[in-house]
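Number of protein chains: 2
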Amino acid sequence: MQIPIPTIKRFPSYLRLLKLYKKQGMIHISATMLANELGLKPIQVRKDISCTGIEGRPRIGFEVEALIAMLEEQLGWDNSSEAILVGSGHLGSALARYEGFDGYGLKIIASFDLNTAKVGTFLGEVPVFSMEKLPSFVLENRIHIAIIAVPAQSAQDVADLLVKSGILAIWNFAPVDIKVPGDIVLQRTDLAVSFAVLSAKVKRKMSD
Amino acid sequence: MQIPIPTIKRFPSYLRLLKLYKKQGMIHISATMLANELGLKPIQVRKDISCTGIEGRPRIGFEVEALIAMLEEQLGWDNSSEAILVGSGHLGSALARYEGFDGYGLKIIASFDLNTAKVGTFLGEVPVFSMEKLPSFVLENRIHIAIIAVPAQSAQDVADLLVKSGILAIWNFAPVDIKVPGDIVLQRTDLAVSFAVLSAKVKRKMSD
DNA sequence: TAGATTGTTAATCGATTAACAATC
DNA sequence: TAGATTGTTAATCGATTAACAATC
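One line per chain: the protein sequences are A and B, in this order. Everything in the first sequence is counted per the numbering used here, starting at 1 for the first residue and increasing by one. Everything in the second sequence is counted per the numbering used here, starting at 1 for the first residue and increasing by one.
It is worth saying that the hints were derived from the structure and are not from the lab. There's no promise every hint is true.
Any copy, or any two copies together, can satisfy a pair, since identical chains are not distinguished.
To be verified - Here are the simulated PhoX-like cross-link-like pairs (lysine-lysine), alpha carbons at most 25 Å apart as the crow flies:
id, residue 1, residue 2
1, K22, K9
2, K9, K41
3, K9, K201
4, K179, K23
5, K201, K47
6, K9, K179
7, K19, K47
8, K41, K179
9, K201, K179
Based on the sequences and whatever the hints tell you, model everything.
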């Protein structure tokens with residue numbers, strides 16, 4: 001029985017909060033409390049937690065540490081995933097330096113760029129290599145995950161190259177729907193989608 | 001009868017494709033073709049389109065221009081929304097320069113930062129002002145939308161200031177769940193959530 | 001103990017998908 | 001005309017929520 005995607009999407013918020021509570025020295029936490037803090041319903045938090053297999057105790061709640069460990073395991077964040085970045089523009093640069101990734105088990109270890117002027121430089125701590133080095137780098141370092149942060153028009157070409165190089169999962173930030181073989185995991189982070197939801201909500205509010 | 005959020009989330013992809021078709025000179029487009037291109041089912045595309053009120057013609061499809069106009073209207077993207085940005089770090093800088101926003105009716109017209117060294121500089125074309133100027137700027141320019149791209153620990157303070165200044169909607173990129181009054185539209189773009197879904201899918205693939 | 005909280009089972013809700021008549 | 005495509009109504013599917021007994 002697989003964990004529903006909507007539940008998976010709430011896991012990072014639980015995790016963030018739980019880590020905070022752990023730092024504060026709390027041993028147990030109730031679903032009610034998590035729910036209040038995140039604006040969710042207690043029943044939903046309980047249901048979500050039940051997906052991890054962790055059991056709580058009535059009146060007391062769940063063990064903070066056990067919950068953190070299990071959430072990280074379910075997300076595959078317990079052993080850090082090394083990833084490469086393609087595209088070293090402003091977005092790529094921001095992603096390479098993004099502090100939050102540490103806590104996600106995600107580590108960007110190299111960046112690749114067509115622009116030869118950027119090759120040899122660093123994005124924060126991440127070295128920039130030329131595109132030609134990509135296939136051998138992926139192979140030699142057994143990289144599974146690639147992040148695409150190139151302009152829309154080159155995204156498909158980059159994706160094709162990544163697939164040919166043996167990547168398993170692609171996280172695409174370019175504003176275009178790229179196509180990949182069915183066995184490749186594809187995740188799109190589309191700013192337009194987020195903004196669409198925001199816009200629609202604003203529009204509703206205005207017309208109330 | 002409100003348009004479902006999942007449908008709203010697919011609108012940007014339709015729009016992007018339709019604009020491409022328009023540029024290519026196509027007059028009509030079938031739901032079948034849109035579906036194939038985006039990896040969706042035709043029935044779902046038809047259902048989504050029906051939410052816009054646009055009617056198609058059997059065998060011929062939908063008028064590309066009418067569909068574009070109606071999708072943009074439904075999203076509130078027909079009249080450009082001016083927004084401000086708070087935080088001028090790497091992420092803020094990338095957002096300010098993001099080319100894709102043009103097509104969304106989103107225009108970032110100013111940025112605000114606590115760091116006085118940045119005040120007076122520009123992120124691309126976007127001027128950086130000091131935080132003290134924020135409330136009057138929002139008031140005078142009737143800004144409805146603010147984008148938060150500051151570190152997690154200052155996000156709540158920024159949100160409070162924005163609410164006090166009269167902002168209607170907040171798009172939060174900081175990795176933290178901020179709290180706002182119920183009448184404020186809050187949209188979170190959380191890289192952790194996207195990565196969680198990607199990780200979970202990779203994990204499933206590996207254990208198959 | 002009393003009462004808050006858990007875990008489970010069932011009900012509800014909403015989105016997706018299927019079926020099919022209408023139509024160009 | 002024949003056949004692809006639309007629009008509608010109903011069925012299915014999956015997630016959320018409610019109800020409530022169990023329990024610490």
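Legend entry - Structure-inconsistent hints, enumerated in ascending order: none
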